[in-house]
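Read off the chains here:
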Amino acid sequence: MTEPRPERWLVTCGAASRRIRCLGGADDAVLEIEIGGGDAARTLTAAIVSCSEDTCVVAIAGQSLVVRLAARGDGFDAMADGETFTVEGAAEAGPAAHAGDDPNEAERSETADPDALAAPMPAAVSAILVQPGTVVEAGDTLLRLEAMKMELAIRAPSPGRVTSVECRVGDLVQPGRPLVTLDPAR
Amino acid sequence: MFTRVLIANRGEIAVRIARTCRTLGIPTAAVFSDADRNARHVAACGAAVHIGAAPASESYLSVGRIIDAARASGADAVHAGYGFLSEDPSLPAACADAGLTFIGPPAEVIARFGSKINARRAARDAGVQVVPGGEPADQSEAGIAAAARRTGFPLILKPSAGGGGKGMVTVRDDDELAESIARARREALATAGDGTLYVERRIARPRHVEVQVVADRHGSVLQLGERDCSTQRRHQKVIEESPAPGLSPGLRARLAAAAVGVARHASYENAGTVEFLIDGTGDDAGCYFLEMNTRLQVEHPITELVTGVDLVEAQLIVAAGRPLPWSAAEVAPRGHAIECRVYAEDPAGDYLPQAGTIAGYHEPSGPGIRVDSGVSTGSDVPVHYDPLLAKLAAAGRTREQARRRAHAALGEFAVLGLQTNIRLLRRVLAHEAFVTSDVHTGFLADHEKALIGGEPDEVTLAAIAAAASAVQSKHNRRTSAGSGAGADRHPPGDAVRDARTGVWSRLAGWRLGDR
Chain A
1 MTEPRPERWL VTCGAASRRI RCLGGADDAV LEIEIGGGDA ARTLTAAIVS
51 CSEDTCVVAI AGQSLVVRLA ARGDGFDAMA DGETFTVEGA AEAGPAAHAG
101 DDPNEAERSE TADPDALAAP MPAAVSAILV QPGTVVEAGD TLLRLEAMKM
151 ELAIRAPSPG RVTSVECRVG DLVQPGRPLV TLDPAR
Chain B
1001 MFTRVLIANR GEIAVRIART CRTLGIPTAA VFSDADRNAR HVAACGAAVH
1051 IGAAPASESY LSVGRIIDAA RASGADAVHA GYGFLSEDPS LPAACADAGL
1101 TFIGPPAEVI ARFGSKINAR RAARDAGVQV VPGGEPADQS EAGIAAAARR
1151 TGFPLILKPS AGGGGKGMVT VRDDDELAES IARARREALA TAGDGTLYVE
1201 RRIARPRHVE VQVVADRHGS VLQLGERDCS TQRRHQKVIE ESPAPGLSPG
1251 LRARLAAAAV GVARHASYEN AGTVEFLIDG TGDDAGCYFL EMNTRLQVEH
1301 PITELVTGVD LVEAQLIVAA GRPLPWSAAE VAPRGHAIEC RVYAEDPAGD
1351 YLPQAGTIAG YHEPSGPGIR VDSGVSTGSD VPVHYDPLLA KLAAAGRTRE
1401 QARRRAHAAL GEFAVLGLQT NIRLLRRVLA HEAFVTSDVH TGFLADHEKA
1451 LIGGEPDEVT LAAIAAAASA VQSKHNRRTS AGSGAGADRH PPGDAVRDAR
1501 TGVWSRLAGW RLGDR
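Taken in order, these protein sequences are the chains called A and B.
If you're matching positions, the first sequence starts at 1 in my numbering and goes up one per residue.
If you're matching positions, the second sequence starts at 1001 in my numbering and goes up one per residue.
In case anyone wonders, no lab produced these hints; they're calculated from the structure.
This one's a predicted model, so the numbers in the text were calculated from it and none came from an experiment.
No residue lacks a Cβ here, since even glycine has one placed at the ideal position from N, Cα and C.
Take the hints with a grain of salt, since some may be wrong.
[To be verified] Reference excerpt, derived from the structure (chain B facing chain A, CB under 7 Å, subset only): (1) P1132; (2) L1189; (3) A1192; (4) T1196; (5) L1352; (6) D1380; (7) V1383; (8) T1436; (9) P1456; (10) D1457; (11) A1468; (12) K1474.
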């Protein structure tokens, strides 16, 4: 019961993301790869030299690449030639139709409040220098985080008034977790 | 030599120390916190003792718990690795009280060099020049500000009790001084528990070169060549090499003599590293003592690769009271070695450390390649500790051969599920300035754009998508063959569990020789 082809992936490396469509051949050893869409689309042929559950050797455009993969959500984390990629399943209708499936989406939307300042990395809250109502200038330190022996100041991006403090000293916070909400001065 | 060595550390260095002990037939005991129950270093030792909660202060930094663990495991010696308690004189003191051998220098030697202010005095006493600056006796803000103004801007404020680049604050001008002193003091208190600061002039584009020494109790002080640690980010070393490229023979001899002089003058014992800043590469280059590290260094493997000496073995020999069995000629460096530190961090995001679970892991190998690591597939990288995952060292007959080997090997290195600096390391190794040995401590900052930006080509992206489709379809075939209906993709978040159980979780769809 092989899944129907073609498969559509959104491959991301750093800030760059590309939609890629893979069409299986008669056997799975040769794939037609289409990058981008419309007139700019480019088609390549890839041969799967070998494939295990975490490593795939791909021959493409006269070179051979060893790709390491680990499943993540409905896609993969991947590495080749020292570069890191994320591969997400991309539905026909585009990424929006698929957004609900992303397990990280709920966490991300928490930070959707543009006035909330979030933890940039997993860290412990080491000091809170403001409370609800504190009026701050741009650049003022609101709180300090500590991770892996490093101190990191969370500063006000603009002047404003603190509307809420969402953490306590000693809390372990994950990236994206809102820490302080700021009502920017209008 | 010893009945059992307790390894009071975690991660790659604990695994590495256990390896030499195993080679010498010495049993080992690991210690672990709540966060490290399943860590690789625990499996690498013959016994393991739980020492407390995840925060280091409640486990790896607790002298009492380490001593208790040594007693509980029947150890008669303690190796502290680097970081944590390795340079805390209270550990060797407590070991002595408990009748345990501390594998390192005596407490008073560690204490002397642990105070960077006293270390500067010790170097001066040995006739070695130190970085121009001041050690103000008046530690008030005004006292430090006065010493800073006497030294001149730009300058660096450093914690006297610190080390390893932690808590250093660069001050460009007088306007920044007050806030910088406050910040340096906070970081000094946080990282070292002591707010005492000193001042060093900031030398433009210096190179950071250090000399490895080992001294026994029988009057022998061996120097094992130097390491260049100039490729740094945020004062943290990223790539090191041995020997330091481009030094004139005269300068190399001056560095070695200064290092041996400091060690002898201090009645040093066991392995140690004398760090210098050098300004120039000729016989008359500026050459300033920075500090002495009284422990095994992170970057010790490159010295091992060029000298053939196992430094952990040397430490055990010295700690057991035996004379070092090597002559200077026997340990003269040959060839070249380069080490790259693989960190869980995001170079594009200001090098912020990353924590999480390693969903996939593959180490390179090959001629001249050595990997020291403390993780594997499924390992947790806790927020509580240093984000160093592994060290890749490459040895070659020449610097160029070592560089090419390291570059190729990093291309085979895979750490999935966490951001790492592997791509950055490869780009540094391929950068023209690195190829021509034009490195200084500002190299990474100067070339940041070229080293961090850029996008992969379409062919690589296509290959990634092809691999994803191939693995996906293989997985689908397996699960449908294995369990028929309901053989959907594993649910999100199951990657790690799958990686741990491997084929056994889907045994029905698996056969030997399956390609």
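Legend entry - In rising order, the numbers of the hints this structure does not comply with: Structure breaks hints 1, 2, 3, 4, 6, 8 and 10.
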